[in-house]
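Participant: First to last, the protein sequences are chains A and B.
Per the working numbering, the first sequence runs over residues 166 to 278.
Per the working numbering, the second sequence runs over residues 119 to 231.
Keep in mind that the hints were calculated from the coordinates and are not lab data.
Honestly, I wouldn't trust all of these hints.
[Unchecked claim] When the alpha-carbon atoms are kept at most 20 angstroms apart in a straight line, the in silico EDC-like pairs for lysine to aspartate or glutamate are as follows: (1) B:K183 with B:E171; (2) B:K175 with B:E148; (3) A:K168 with B:D177; (4) A:K217 with B:E219.
[To be verified] Quick list of the computed label-pair ranges, beta carbon to beta carbon: (5) B:G158 with A:S190: 22 to 32 angstroms; (6) A:H205 with B:I130: 12 to 22 angstroms; (7) B:T131 with A:A178: 21 to 31 angstroms; (8) A:N195 with B:D174: 20 to 30 angstroms; (9) B:L159 with A:S190: 16 to 26 angstroms; (10) B:K187 with A:G194: 34 to 44 angstroms; (11) A:H205 with B:R215: 29 to 39 angstroms; (12) B:G158 with A:T237: 39 to 49 angstroms.
[What the hints assert, rightly or not] Facing chain B, a subset of chain A residues (Cβ under 10 angstroms, in silico): (13) P209; (14) H214; (15) L216; (16) R256.
Each residue gets a CB set at the ideal place from its N, CA and C atoms; glycine is no exception.
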Amino acid sequence: DAKTTQPTSMDCAEGRAANLPCNHSTISGNEYVYWYRQIHSQGPQYIIHGLKNNETNEMASLIITEDRKSSTLILPHATLRDTAVYYCIVRGAGGTSYGKLTFGQGTILTVHP
Amino acid sequence: EAQVTQNPRYLITVTGKKLTVTCSQNMNHEYMSWYRQDPGLGLRQIYYSMNVEVTDKGDVPEGYKVSRKEKRNFPLILESPSPNQTSLYFCASSPSRPNTEAFFGQGTRLTVV
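With the hints as extra help, turn the sequences into a complete structure.
Facilitator: Here you go:
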């Protein structure tokens, strides 16, 4: 699976949009970009995923560049409960690789009042 | 409600005393896996199973066993626990299709003294 690079930490004011970047320059054509977050020591929580088109759901938006080498997770109106570690993961689509999630160090997002 | 349930949530045990951490999912998922999370090392996959009676090693399988006799259950067995297996453990499940999300359990914090 392709490696991802994320900033170690970011801050955001409550109510503002949080934009979390991720680089995945070695991503291959059939690999998806997934985002998960982990609040304290709870189980990782799925946020969103995409292949090449931008995606939006009730939690967030995912913007993937045209060359697919980077992406941005957008939390449109961050709240204090969005404080967590956010993981950008490139996930394979074939064989056994579809199931495995390779977690990096993630980005610690702190939302301030 | 779709969920992955792990038991116990917390466990303190002594070196060499066999233990089992149970994992059960109610979503009829084919793929299940176990991860351990350690400070500075992130989440690493221990074992995975693509379906009943089909299991394989992940990245850090030493000292662990698994079984998959039923689709819903995927227990993690430590035959002779050692202090270096003190960690936070997560079970996860997902469908066998690549464009899907994985669900994680709440975690099991294991301490081996």
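Participant: Need the list of violated hint numbers for this structure, in ascending order.
Facilitator: 7, 12
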